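Trainee: Be aware that the sequence shown starts at 259, since it is given in my numbering, and climbs by one per residue.
Source of the hints: derived by calculation from the structure; they are not laboratory data. No experiment lies behind these values; they were computed from the predicted model shown. Honestly, I wouldn't trust all of these hints.
Claimed, not checked - Here are the simulated distance ranges between beta carbons:
1) 288 <-> 528: 41 to 51 angstroms
2) 467 <-> 398: 22 to 32 angstroms
3) 333 <-> 301: 28 to 38 angstroms
4) 507 <-> 572: 27 to 37 angstroms
5) 596 <-> 398: 54 to 64 angstroms
6) 469 <-> 586: 43 to 53 angstroms
7) 598 <-> 636: 51 to 61 angstroms
8) 326 <-> 305: 13 to 23 angstroms
9) 601 <-> 636: 48 to 58 angstroms
10) 560 <-> 469: 15 to 25 angstroms
11) 572 <-> 287: 50 to 60 angstroms
12) 422 <-> 305: 52 to 62 angstroms
Claimed, not checked - Calculated pairs, SDA-like style, for lysine to any residue (alpha carbon to alpha carbon, straight line, at most 20 angstroms):
13) 354 <-> 382
14) 493 <-> 508
15) 291 <-> 304
16) 622 <-> 610
17) 330 <-> 535
18) 442 <-> 429
19) 597 <-> 581
20) 493 <-> 456
21) 458 <-> 392
22) 622 <-> 611
23) 330 <-> 288
24) 380 <-> 471
25) 309 <-> 293
26) 309 <-> 341
27) 309 <-> 458
28) 330 <-> 340
29) 493 <-> 610
30) 483 <-> 502
31) 291 <-> 302
All residues carry an ideal CB built from backbone N, CA and C; glycine is no exception.
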Amino acid sequence: MHEEKNRSQTNITSFTELFGDPQSRQNILETIKHSHVLYDWEGIRSDDQEKILLFLEGRQGLQVLSDRFFRKVFRPDDFPERIESLISEVLGEPVKIVQILSREGTVISESGSQVIMDIVVKTESGAIVNVEMQRIGYYFPGERSSCYTSDLIMRQYSAVRAKKGPDFSYSDLKPVTLIVIMEKSTKEFAGVAPEYIHRKITTYSSGINVANLDNVVYISLDTFKNRGYNKISSKLEAWLSFFTYEQPEEIISFVNSFPEFAALYRDIAEFRRKPEEVIGMFSEALRIMDRNTTKYMIEDMQRQYEEAVAMRDGAMAECNKAIAKRDEAETKLGEAETKLDEAEAKLNETKTERDEALAELAEKDRLIAELKAKLAEKS
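Sequences are here, hints too, so could you generate the full structure?
Mentor: Now the structure itself:
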């Protein structure tokens, strides 16, 4: 390990210093053709095949977000300082690892399989940290994270209670932290861009200070990459850049600025000698992604259906209200029209009575005029 650190101080001028001498594509394809992973290779998408070939040729890097890459690069038993550095930067405080915990938890997933965690460690303070890498962020991240942290808490509870027996106290339990690093995050996280680090904060309306054991930090690598600038201003940003860089010029510049990462890239380069492992890794990841994608689509379609049903029901309720108001308005209009007709009938009756009265008055005026004329003649 000391030798690796010394080599990492060397100024890197070419990609081969990190990833080794290039290999011909023809030789790589011949090796694949006669290997047991040929079937897996043929099932990998053409764009991913190209990524693998460029990596195996030594012309490009490969992201470390797949499970095997991640565990090989960090290897807490061999290089605890790597995962300590990553966790320390994410949490913003120094972390010292004293124990690597089992990655398997209790059966809580919807498929009935065990919860498998990428790296679970116990720190010097007794706190437990799980670092989880996700190529595609899961739907319902809060609900899933609650299951993961609950699993970690219960595992700790069982171990501490078994060890302390009647002397057990809940104060013996230490916080657990879940760090979820997502290559492609879900829409909840995209909605708050350009923020790419999301830390859970628990408070109470009264302001009371009550200890909580579960902590969650989400990191959206896609949002981090899309910030619009490339300057690395902190060690945390250096770690996140390490997770995202693939192009030779990016990696060379990065390693010269942060030489401690050279050894990690050399660990990744070792996979160039194991094309079957790289292909198997991609094939397995694609199967998981395809299965997850199908599940996401079903969940998303169900959610969209439920939203559509709710919108339809809401629209129907509003429509029914509008119909009721229209019917009420039509009833009132009918009543008004009836009253208008009655008023017009009365008006017509009044006009008729007025005309008859005028006619009768005119007749009386005529008779009076005749009477006056006769009286005038006699006089």
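Trainee: Decide, hint by hint, whether the structure agrees.
Mentor: Evaluated hints:
One distance hint, 41 to 51 angstroms for the beta-carbon pair residue 288 and residue 528, is violated here, with the actual separation near 21 angstroms. Between residue 467 and residue 398 the C-beta distance comes to about 30 angstroms, which sits within the given range of 22 to 32 angstroms. As the Cβ distance of residue 333 to residue 301 is approximately 29 angstroms, the hint placing it in 28 to 38 angstroms holds. A hinted range of 27 to 37 angstroms is violated for the C-beta pair residue 507 and residue 572, which are about 54 angstroms apart.
The hinted range of 54 to 64 angstroms is satisfied by residue 596 and residue 398, whose Cβ atoms lie roughly 60 angstroms apart. Hint check: residue 469 to residue 586, Cβ distance near 59 angstroms, so the stated range 43 to 53 angstroms is violated. The hinted range of 51 to 61 angstroms is satisfied by residue 598 and residue 636, whose Cβ atoms lie roughly 57 angstroms apart. Checked against the hint of 13 to 23 angstroms, the C-beta distance between residue 326 and residue 305 comes to roughly 20 angstroms, which is consistent with it.
The hinted window of 48 to 58 angstroms between residue 601 and residue 636 holds, with their beta carbons roughly 52 angstroms apart. The beta-carbon spacing between residue 560 and residue 469, approximately 37 angstroms, falls outside the hinted interval of 15 to 25 angstroms. Taking the beta carbon of each, residue 572 and residue 287 are about 58 angstroms apart, inside 50 to 60 angstroms as hinted. In this structure, residue 422 and residue 305 meet the distance hint of 52 to 62 angstroms, their C-beta atoms being roughly 54 angstroms apart.
In summary, the hint linking residue 354 to residue 382 is supported, as the alpha carbons are separated by about 5 angstroms, within the 20 angstroms threshold. Only pairs whose Cα atoms come within 20 angstroms are accepted, and residue 493 paired with residue 508 is accepted, the gap being roughly 16 angstroms. For a cut-off of 20 angstroms, the pair hint linking residue 291 to residue 304 stands: about 16 angstroms separates their Cα positions. As the CA atoms of residue 622 and residue 610 are separated by approximately 18 angstroms, the hinted pair is consistent with the 20 angstroms bound.
A C-alpha spacing of about 12 angstroms is found between residue 330 and residue 535, which places the hinted pair at or below 20 angstroms, so the restraint holds. For the suggested pair residue 442 and residue 429, the alpha carbons sit about 38 angstroms apart, so the restraint of at most 20 angstroms is broken. Distance hint between residue 597 and residue 581 is unfulfilled; the C-alpha atoms sit about 24 angstroms from each other, more than 20 angstroms. Taking the CA atoms of residue 493 and residue 456, the gap is near 17 angstroms; set against the 20 angstroms cutoff, the hint holds.
Distance check on the hinted pair: residue 458 and residue 392 sit about 18 angstroms apart at the alpha-carbon level, within 20 angstroms; holds. Proximity of residue 622 to residue 611 is assessed by CA-CA distance (about 16 angstroms); at most 20 angstroms being required, the pair is judged to hold. Annotation: proposed proximity of residue 330 to residue 288 is violated, straight-line Cα distance about 27 angstroms (limit 20 angstroms). In summary, the hint linking residue 380 to residue 471 is supported, as the alpha carbons are separated by about 14 angstroms, within the 20 angstroms threshold.
Proposed proximity of residue 309 and residue 293 is supported: the alpha carbons are some 19 angstroms apart, at most 20 angstroms. Note on residue 309 and residue 341: the hinted pairing is violated, with a Cα-Cα distance of about 27 angstroms set against a maximum of 20 angstroms. This hinted pair does not check out: residue 309 and residue 458 have alpha carbons roughly 35 angstroms apart, beyond 20 angstroms. The suggested pairing of residue 330 with residue 340 holds, with an alpha-carbon distance near 11 angstroms, which does not exceed 20 angstroms.
A hinted pair counts as satisfied when its Cα atoms are at most 20 angstroms apart, and residue 493 with residue 610 does not qualify at roughly 102 angstroms. This hinted pair checks out: residue 483 and residue 502 have alpha carbons roughly 8 angstroms apart, not beyond 20 angstroms. This hinted pair checks out: residue 291 and residue 302 have alpha carbons roughly 14 angstroms apart, not beyond 20 angstroms.
The structure fails to meet hints 1, 4, 6, 10, 18, 19, 23, 26, 27 and 29 from the earlier list, while all remaining hints are met.
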